[in-house]
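Chains as they are written, first to last, in our numbering: chain A, 1 to 441; chain B, 1001 to 1446; chain C, 2001 to 2482.
Be careful, since some hints might not be right.
As a list, the in silico DSS-like pairs of lysine-lysine whose alpha-carbon atoms are at most 25 Å apart [unchecked claim]:
| id | chain 1 | residue 1 | chain 2 | residue 2 |
| --- | --- | --- | --- | --- |
| 1 | C | K2124 | A | K349 |
| 2 | C | K2124 | A | K342 |
| 3 | B | K1119 | C | K2242 |
Hint data in this document are derived by calculation from the structure and do not stem from the laboratory.
All figures in this text were calculated on a predicted structure; none of them were measured in a lab.
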Amino acid sequence: MTQKERMLTASDFMGAEAPSEDDLYKCVHCGLCLNVCPTYLETGLETESPRGRIYLMRAVNEGRVKITEAVNSHWSLCLECRACEVACPSGVPYGHMMELTRTQALRRQPGSFSTRLFRWITFRQLLPHQGRLVLLARLARIYQRSGLKSLVSRSKALRLLPGNVDMLHDNQPTIPAEIFGPSSAVYPALGERKGRVALLSGCIMPLIYTDAMNATVRVLQHNGYDVVVPMGQGCCGALNAHAGVRDEARAMAKRNIDAFLAYEPDAIIVNSAGCGSTMKEYTLLIEEGSPYAEKAERFVALVKDVNEFLVTLPFQEGLGEIKARVTYQDPCHLAHAQRITKAPRELLKTIPGVELVEMEEASVCCGAAGSYSVTQQAFSQRLMKRKTAHLAEAGADVVATANPGCLIQLQTALNNADLPGRVCHVVELLDESYRAGVSSE
Amino acid sequence: MQQPRTLPTLFQSSLPSHSVHSGEGLEPYRLDGLIPEVALSPKDEEQVASILSICHAEGLAVVPWGGGTRMGLGNAPARYDVALLLTGLNRVLEYQPEDLTTTVQAGLTLATLDAELRKEGQFLPLDPVGYDRTTLGGVQASAASGPLRHRYGTARDQTIGIRVVHADGTITKAGGKVVKNVTGYDMNKLYIGSLGTLGIIVEASLKVMPLPASEGALLAFFPSIETAGEAALGVMGTSLDTAFLSLVAGEAVHELPGGRSVDGAAALAVGAFGQAAPIARVLRDATAICNRNGAAEVATVSSNEVTNLRRVLAEAPRGGSTTLMARLGVRPESVAGLIQSMAELSNKYSFNFGAVAHISHGIVHSGWTGKEGLMEAQRQATFIEEARDVARAEGGYLVLESAPPGVRALVDSWGDARGGQALMSNLKQQFDPTGVLNPGRFVGGI
Amino acid sequence: MKNSSDLVKQLKAIVGDEYVVHLPEDLLVFERDGSPENEVPRLVVLPDTTAQVSQVMRLAYENGIPVVPRGAGTGLSGGAVPQSVSILMPLSRMRRVLDVDVTNRTAVVEPGVVNLDLSHYTEKYGLHYVPDPSSQKACTIGGNVGENAGGPHCLAYGVTTNHVLGLELVLADGTIVEVGGDVRDAPGYDLTGTVVGSEGTLAVATKITVRLMPLPEAVKTFLAVYDDMDTACSAVTMLIGKGLVPAALEMLDNLTIQAVEPYVHAGYPLDAGAVLLVELDGMDETVKVESDLVGNLLAESGAREVRRAETEEERQLLWAGRKGAFGAFGRIAPNYYLLDGVVPRTRLLEALRYATDLCAERGLGLANVFHAGDGNLHPIILFDERQPGKLELAMRAGGDILKKCVELGGVLSGEHGVGLEKLAYMPLMFTPEDMKAMLKVREAFGNDGLLNPDKVFPKEGEVAEYIPQSAAVLNAGTGSYI
């Protein structure tokens, strides 16, 4: 046995769902990724950088180290914001490698009982089952409106619980009365009909951001598209995949592929950046040789972020005036994973009265990062604090973004720092402008 | 005390007799009242090396001489046995115009080198005072500079390689002959400005520049130093590509072309190199800035007079009868204030004062003269100390570059090293532990 | 020597728990910088202030433990590669811009400030920091000071040393010294200039005063496409010979184009023998006059096509290809060995031909992407270490090419430094006496072998002999070189 083979047999990476050697050795250790990585920016530690994390993957692959708690902690602290992929000249598919690595890590470092319980509930019992999420949301709304929530908040009882439960509790987003969701309805195009698009409803967006969902539908209608929200669809599986729960994510992907392709839409529209990026990568999730492989390719070709989709049209520019200083936070999975940074800004700039100001580090993660704000609370808070400083400096009336996690996190940031201003989806602002324009005519 | 006749004989075996000077001929090498016992004029680095190895072995103190134009820099030598005259090392060793580099011996004068370069349409952008006589090695050892430092920097920026003879006669090189090089320590920087106290520069490789297509300049006269300073900072704050930007005050104003007839306290000289259009733009914009700041008169300098103007800017504060000369350094924004304070202080002492400042680098060359009765040594020394305090208060320094021996005996030429005196002493200890090279002349008694 | 747990405890007391790395699996991550060399350090400590740097160094000094300073770890010569006995001290936490003095055009920064971040920061004042190494998005000013870093725009404006005015230093024993500053030419030796480029062997810079320059009013970038390298090289000689000193003059050969074009889509023609990037900047009037001149000269230089970037976006794209070049080689070969030799500009072609023939003869790939304007070559020897003997062959070829550079009147390194990588080649350029003079400086700074030891100068006894390959590279393990 050669030394290399011996090393390989000693590797903690096992099975097909591990980063490939080709990918691992694409990294030439140049370091261009360092200064865009939020965790490196915060700590200055190579271990908390993309280059460091890849180096650990390689070390595990070569059998130089095992997947110890420390090794796993560095991988876990990664936000999977994929800013490093944009900076990388060698084309290292970091996000994909990290997902595979987490799948490996789950086996070696399953974590404490409570972590495993959280993971089981979130990734196996809740996200794949939209009905359960809806039920939970309705219960939460009752809780919020009964006065019980404010009672609990005032009692400060939750401070007795470990972690930041009290903070998460206090910052829980308000659940609206109406919940958005798939239906057999067709929202008809306004004006000249250009085609038909299918909209992803998703998991969290329809529960808390009903307004954004409705706004998306109206904006698409306004731009000449019939909009359907296909029945049978569910959560995209992004959170599951990021956490390394790839089998569940795969099942969810297949369900969505079937649900959407059945409608034969001209495009599959996503208004949540995290979902869009995962859906554009369904081909990486589906096993090789699966009958779904071909379908996934067709599906992926149709997926468009709503910002991206609109700017490729001769889109309807903003109509009515919104007098506001607006800053835009790049959602990581739009800017880095999908490389879409200009489209949302382009949309915002067409709104009369909007003054678009760039804040510092607009493309650095706000710390939401899907379930990261729960699993890595402390670090998520650190990044939120960093973001808060930039928000304060920008002094905007409106913070626009394009992803639910960011919407929650940014609103919390403003609330905690008592900063004025509201947070909304780009499309909401556009919709507002359309409506203001129509009513003033 | 050494025996006067034996010292020259030490060098007979390594130098031809016409290179060994003693007796009467030593008067020109008097320094602060000290006369060496022998002056030696080697022709190449090997001769320099053998001289130094003899001096090292015999415990002799050596004072290197280039063109002798700035021997007033530095304190009186602690010991002085040998004057080492380097003007014999005056050859251009390599010159490849297409590479924009040249390698020359250190005793070559700037004027001679410049003439060689001009034949190929190139030049060395070093223009300190004493251009005609000063040697390259002297400029390097003293880190002297002139108006063009504004755009091109100093010897530290132009020198890419250096050969040095050490205190014990060892010859070493540092750097190289190419324009970009990080191989090994950048020893060039260490030797440049070290006043020959670490080693004697015998050869240098330099970056040279293509001659500009043309030169243009303006001279603006101002009623006050303050307004001239504002205008200077105004020009500096733009993206105008200026070749020099010199603030002139006091007596030095009268040295400028047309300066005699102008009743102004200060002037600003703005120069530009290049094609006609950019030069016109610089002069146009600079004129507007000067006018905005209350210039009494703005005169364009004709293209063929620019070189002469630069020469005047280098020489002006050190006119014929100047007795005290100093280089002061502060931040650019403090230059005008410093000059104003110097003018007031000079007034208090009834000294005539002139200054030319290369403002973007915060370098102020100053000169003073005075009437016979007012110039006693103690009074000058007190003045220098006071002036030094003024510079210090602005976060700057004053280095005395020339003064009568009586004054030099009373006041330190350098003042304090601003930082790293211990490191400097360590360096001297490493390079010249027995004090062969210019002993006692440098900062902190090095 | 103290036992490690005591030491860890004391270091944690200085910098905080989070910033002392001591677990073996964590330390592994710090074994390399951007170069091929590697060795796992004993400990890694990240101070946040000058006082902490000083305390860490004093503690290390008292215990006889070497300290290796590090910026972002993007260096290409192994200057920040630690030894197993050393404390590695990255300064990446010290990334504050302390002061920008707009009137005097200077800034004071901590060593961990990223090069490009400084220029972004000062942009609002219409100023920028000029030296722009290809890694400027990640490399730190402190690291730049250590290596005297260059970059494409150093042709007209000078390298790091021409832009650094003063330093706050911590010496090997923890002493804090300030040298130079925003007041120029202060009395005394030019300690600032001496420390810049000393590769972290004289002192650790904890504050750096730099010179800022106004942003150019106009920038014009040309891309000239050539069928072959020879014509491109003659174009460079011709431009320089005409008395033009562009802001940047960069060349990429065919193989480099093959590597970067699929990544940046800069529009470099894939079949071009070489492309030349020429950038002019300065006042509107200057750029206008000179760009007409350069446009004509390039057209007459045998270029098959000359393009001008019309928008800032197009310009950035042309540069993205150049700046991302090194990283992009990961796409065409599993391994590469990057050189940094310099030759006089008139000998460029000779050096390139030598390298090309040599690599062809030995069955190695060769790409070239370099600062043509100042003769700074970057031959990139491409190989696959899985083929037996190729690694050694590549290293030997590298040595031979550097030797040729020196023979042509050039030097070993234009901007990457000697570090570990070129130790063995130092005798090609310097006599033992030359190096002894440099070592006196190290002595004077009180480095008793405890500050970045075993770098820059080969150990005594190895000095006299030229070793045709870097032993450290040859001994490296799988994937541990680029």
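Going down the list of hints, with the structure as the test:
{"no.": "1", "hint": "C/K2124 - A/K349", "in the structure": "22 Å, holds"}
{"no.": "2", "hint": "C/K2124 - A/K342", "in the structure": "22 Å, holds"}
{"no.": "3", "hint": "B/K1119 - C/K2242", "in the structure": "15 Å, holds"}
Taken one by one, the earlier hints all hold for this structure without exception.
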